[in-house]
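**Student:** Sequences listed follow chains A and B, in order.
At the far end of the first sequence sits residue 459, using our numbering, and the numbering has no gaps.
At the far end of the second sequence sits residue 459, using our numbering, and the numbering has no gaps.
Check before you lean on any hint, since a few could be wrong.
Quick list of in silico lysine-lysine cross-link-like pairs, DSSO-like style, CA-CA up to 27 Å [stated by the list, open to error]:
1) B/Lys283 with A/Lys361
2) A/Lys163 with B/Lys222
3) A/Lys54 with B/Lys185
4) A/Lys222 with A/Lys163
5) B/Lys361 with A/Lys185
6) A/Lys219 with B/Lys219
7) B/Lys219 with A/Lys222
8) B/Lys361 with A/Lys283
9) B/Lys454 with A/Lys185
10) A/Lys163 with B/Lys185
11) A/Lys222 with B/Lys185
12) B/Lys54 with A/Lys219
13) A/Lys219 with B/Lys222
14) A/Lys222 with B/Lys54
15) A/Lys219 with B/Lys283
16) B/Lys283 with A/Lys54
17) B/Lys222 with A/Lys150
18) B/Lys185 with B/Lys163
19) A/Lys185 with B/Lys222
20) A/Lys427 with A/Lys283
21) B/Lys185 with A/Lys219
22) A/Lys361 with A/Lys219
23) A/Lys150 with B/Lys163
24) B/Lys222 with A/Lys99
25) B/Lys219 with A/Lys54
26) A/Lys222 with B/Lys222
27) A/Lys222 with B/Lys99
28) A/Lys222 with A/Lys177
29) B/Lys150 with A/Lys163
30) A/Lys185 with B/Lys163
31) A/Lys54 with A/Lys80
32) A/Lys150 with B/Lys283
33) B/Lys163 with A/Lys163
34) B/Lys99 with B/Lys150
35) B/Lys99 with A/Lys163
36) A/Lys185 with B/Lys185
37) A/Lys185 with B/Lys54
38) B/Lys163 with A/Lys222
Hints listed in this document are in silico derivations from the structure and should not be mistaken for laboratory results.
Just so you know, these numbers come straight off a predicted model, no measurement behind them.
Number of protein chains: 2
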Amino acid sequence: MKNTLLAPDIRDLISKDNFQEVLDFCESSNPAMVAEALSGLTPREIWQILSRLKPDIRALIFSEFDEEVQVEMANTLNRKEFAALITDMPPDDRVDLLKNIPEDQREALLPALAQAEREDIRRLSSYPEGTAGSVMTSDYALLSAELTAKEAIEQLRREAPDKETIYYAYVVDNNRKLIGLISLKDLILSAPTARIGDIMNRDVISVRATDDQEEAALKIQKYDLLALPVVNGNDNLVGIITHDDAIDIFSEEHTEDLEKLMAIRGEHEARAYMRTPAWVHFKNRSVWILLLAMLGLVSGYIVQNYSDLLLQVALLATFMPMLADTGGNTGSQSAALVIRALAVNEITPKDFFLVLFKEMKVAILLGLMLAVFVYARVILFTQTSGSPAGYSVAMLGIAIAVALCFQVFTATLIGAALPMIAAWLNKDPAVVASPFLTTTVDITGLLIFFSTAKYILGF
Amino acid sequence: MKNTLLAPDIRDLISKDNFQEVLDFCESSNPAMVAEALSGLTPREIWQILSRLKPDIRALIFSEFDEEVQVEMANTLNRKEFAALITDMPPDDRVDLLKNIPEDQREALLPALAQAEREDIRRLSSYPEGTAGSVMTSDYALLSAELTAKEAIEQLRREAPDKETIYYAYVVDNNRKLIGLISLKDLILSAPTARIGDIMNRDVISVRATDDQEEAALKIQKYDLLALPVVNGNDNLVGIITHDDAIDIFSEEHTEDLEKLMAIRGEHEARAYMRTPAWVHFKNRSVWILLLAMLGLVSGYIVQNYSDLLLQVALLATFMPMLADTGGNTGSQSAALVIRALAVNEITPKDFFLVLFKEMKVAILLGLMLAVFVYARVILFTQTSGSPAGYSVAMLGIAIAVALCFQVFTATLIGAALPMIAAWLNKDPAVVASPFLTTTVDITGLLIFFSTAKYILGF
């Protein structure tokens, strides 16, 4: 058997009506690998192959395609074919697909589905984007506490083809309240006659459907889980989130964090840079760029306002951009560290003063280092002849060094404090974008710079 | 049974010599949850409890503590106790622990271990940090192709307590070459008499031990795997990386990417912000801050150089900081998007021109928007009386708008190109830190600004 097939090979085999080799490859390989191999073909060609596969394998491979390709393929199907495909798809994937097709098409399709599927779709799509409920699947394995281990394994074996995972099975009471968890490993290690109710683990780690999806992913990471049960407000089991969902959630959240940090708006999947049209990129980026440009003008007014001082002490102009940049750099660094520590739950808003104290220490070290550097720079490279009367080069050096020290100190603390405050207000800490911070500490920095210089030089 | 115990409860129970309740909790709960509950105690108190547990459970809970706590506990043990603990720990975790204890202690310990453990530790620690080999474990389940499904399940049941996972088992030939994979699900679905060699999956997705750990994590994500086999240069199976390792790898890499993007050096774990002393933070951040401050002085020289122009056209000073900032903002945005798209393997250096073309389109849209904004700003809010002879307000508006447009265009393309070039040179794209970019496009931006203004206004 060939390990992989490439799109040209596949096209060649199809044109010779030699489907068997392609079908063998599809049935014996990882669905994501098959989808990758087929992705060079047109949606119509892909469906030619998928339509000849067993329904369950077909649905799994179909689920691995990008959403646009799924929608294109769906458009080539009649209502009955589409309904059959939808029925076989994993519940979470089909809800995602249905969200991507036009509403009239969706409305036309629903009556062709069985009552149970309709109910399931309605329930899964009822949770807002970003919640644990919105990413869970309803294909979990359920066991009765009364079964023996042997009977439970027998039941899991029968249900395996329809379940997302059979490695964890859940136990609920008569009110569907989640009361236990048992792994397949524990089942095969137990005596065949042991009752599930006696051997199950009652300490089940779970998440609420309305909780943030990142909360769920963090629990899966922390407790090394294969799957995490999702419960509603009455502690009824309503779904599970699996380990692969957790990875995708982290990947998506990380892209979002990074983009927010760079002042880019808009929500999207993790792998959508190339697929997103230029004008959507423009929309996502332009609002902040424009607002920041407006804010940036404030710096200009400050420079203009102190133009007399700049005229008298020309050397100040040389250090002005560096001072502004350095504030932005140090502030962005501390903001990035605090945002990340908040994201991985290492710190909480309660640690406000601890974090500020730590950043203060770092800021003092950075400030002193830069002050020494800039003072040396002024003293060593300034021709005394060039310095106007009224103040010495040493005083000028001290003025610039003190201003820089202040600037680094305030910028670092602002950079650390803003994300903490955002978190405390239950906002995403990453909204404190680095460009916003840079522009803000530009303004505070110029004010510090000019007023310090004025004061020390005695103007 | 209590669902969870808190540190004060536990201390209370211990002081009354009532260990049983604590031990029940430890044995029936998730190891990470137990470690969390015990983390309020001193290392000595923790060990008092752990020492009374079954060796395998003790080793699992011990592995969940932070490395410093592990080292502290290890220091309270005699060599024999420590050797016993090390022997029971998961192979990947014990290698991590051994890396964290002083070399003389490690050398003293090794002879107390069995030959097999010593060999295993030597092998696992031979791969450099950051490779797939450095994060793999050697506790994988191995099956012979000759076994029947029933015999295989029997073998997995016997070996389960010692294996990281029994949900995937691997098949190797006589030369230890990896030839197949079978899941426990497939095993229980197969006829009990089926031969492993016939039912196993021969299309095994694997990774080389010397590959980057992120490569391994990306494969686990892409193919939704529970575990990924690691092979050496001869295709011999040498270990596995599990789904929970993949999450930790991503988490670590995300932190690293973010820090590099903010010009922070140094390698460390994902959750180490608070544990890292202020002077280490200082060391990680200071080098770039100092280099960037030096680079920032170049902007100052440019401003100084054009001070005559600024004197004659005072309004230029008002727009100068905004122009510099806007370049940094747009450049950082495109750099962040390109770095992320490279990180998730959505694009490769081969897409250089595609990416640049897309960013060019976005840059033109952003540039035009800002040009219109800044032109309107100049026209509407400039008192004609204030404008010196020799050029009109309209010309001034055009000069600033054109300069801003150029600045956005070059900054965006530089922001997109540098990470692509880094990737092409096999460097981490995230080395193109946003602060570096900001400082660089400050310089190019000021040059563009002054030369455009000079040219258009005819000085």
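**Student:** Hints first: check each against the structure and report whether it holds.
**Tutor:** Here's how the hints hold up against the structure:
Pair hint B/Lys283 plus A/Lys361 holds up; C-alpha atoms about 12 Å apart against a cutoff of 27 Å. At roughly 20 Å between alpha-carbon atoms, A/Lys163 and B/Lys222 fall within 27 Å of each other, so this suggested pair holds. Between A/Lys54 and B/Lys185 the CA atoms are separated by roughly 19 Å; this keeps the pair inside 27 Å, and the hint holds. Taken as a hint, the A/Lys222 and A/Lys163 pair is honoured in the structure, with Cα atoms around 24 Å apart against an allowance of 27 Å.
Restraint check for B/Lys361 and A/Lys185: not satisfied, since their Cα atoms lie roughly 55 Å apart, outside the 27 Å limit. The straight-line distance between the Cα atoms of A/Lys219 and B/Lys219 is roughly 22 Å, inside the 27 Å bound, and the hint therefore holds. Distance restraint check for B/Lys219 and A/Lys222: the Cα-Cα separation of roughly 21 Å lies within the 27 Å cut-off, and the hinted pair is therefore satisfied. Pair hint B/Lys361 plus A/Lys283 holds up; C-alpha atoms about 12 Å apart against a cutoff of 27 Å.
Proposed proximity of B/Lys454 and A/Lys185 is contradicted: the alpha carbons are some 76 Å apart, above 27 Å. With a C-alpha separation of about 11 Å, the suggested pairing of A/Lys163 with B/Lys185 holds against the 27 Å cut-off. The suggested pairing of A/Lys222 with B/Lys185 holds, with an alpha-carbon distance near 25 Å, which does not exceed 27 Å. Restraint check: the Cα-Cα separation between B/Lys54 and A/Lys219 comes to about 26 Å, which is no more than 27 Å; the hinted pair holds.
The suggested pairing of A/Lys219 with B/Lys222 holds, with an alpha-carbon distance near 21 Å, which does not exceed 27 Å. Distance restraint check for A/Lys222 and B/Lys54: the Cα-Cα separation of roughly 23 Å lies within the 27 Å cut-off, and the hinted pair is therefore satisfied. The straight-line distance between the Cα atoms of A/Lys219 and B/Lys283 is roughly 33 Å, outside the 27 Å bound, and the hint therefore fails. Taking the CA atoms of B/Lys283 and A/Lys54, the gap is about 59 Å. The hint is violated against a cut of 27 Å.
With a CA separation close to 34 Å, the supplied pair B/Lys222 and A/Lys150 exceeds the 27 Å bound. Taking the CA atoms of B/Lys185 and B/Lys163, the gap is about 17 Å. The hint holds against a cut of 27 Å. Only pairs whose Cα atoms come within 27 Å are accepted, and A/Lys185 paired with B/Lys222 is accepted, the gap being roughly 25 Å. For the hint linking A/Lys427 to A/Lys283, the alpha-carbon distance of about 22 Å falls within 27 Å, and the restraint holds.
Between B/Lys185 and A/Lys219 the CA atoms are separated by roughly 25 Å; this keeps the pair inside 27 Å, and the hint holds. Under the criterion of a C-alpha separation no larger than 27 Å, the hint pairing A/Lys361 with A/Lys219 is inconsistent with the structure, at around 33 Å. About 23 Å separates the Cα atoms of A/Lys150 and B/Lys163, which keeps this hinted pair within 27 Å; it holds. For the hint pairing B/Lys222 with A/Lys99, the CA-to-CA distance comes to about 22 Å; that is within 27 Å, so the pair holds.
Of the supplied pair hints, the one linking B/Lys219 and A/Lys54 holds, its CA atoms being roughly 26 Å apart against a limit of 27 Å. Taken as a hint, the A/Lys222 and B/Lys222 pair is honoured in the structure, with Cα atoms around 21 Å apart against an allowance of 27 Å. Straight-line distance between C-alpha atoms of A/Lys222 and B/Lys99 comes to about 22 Å, which keeps the hinted pair within the 27 Å bound. Taking the CA atoms of A/Lys222 and A/Lys177, the gap is about 24 Å. The hint holds against a cut of 27 Å.
Only pairs whose Cα atoms come within 27 Å are accepted, and B/Lys150 paired with A/Lys163 is accepted, the gap being roughly 22 Å. Proximity of A/Lys185 to B/Lys163 is assessed by CA-CA distance (about 11 Å); at most 27 Å being required, the pair is judged to hold. With a CA separation close to 16 Å, the supplied pair A/Lys54 and A/Lys80 stays within the 27 Å bound. The suggested pairing of A/Lys150 with B/Lys283 is violated, with an alpha-carbon distance near 60 Å, which exceeds 27 Å.
With a CA separation close to 25 Å, the supplied pair B/Lys163 and A/Lys163 stays within the 27 Å bound. A distance of roughly 41 Å separates the Cα atoms of B/Lys99 and B/Lys150; the hinted pair therefore is violated under the 27 Å criterion. Under the criterion of a C-alpha separation no larger than 27 Å, the hint pairing B/Lys99 with A/Lys163 is inconsistent with the structure, at around 41 Å. This hinted pair checks out: A/Lys185 and B/Lys185 have alpha carbons roughly 11 Å apart, not beyond 27 Å.
Our distance criterion of 27 Å between C-alpha atoms is met by A/Lys185 and B/Lys54, whose separation comes to about 19 Å. Restraint check: the Cα-Cα separation between B/Lys163 and A/Lys222 comes to about 20 Å, which is no more than 27 Å; the hinted pair holds.
This entry does not satisfy hints 5, 9, 15, 16, 17, 22, 32, 34 and 35, going by the numbered hints stated previously.
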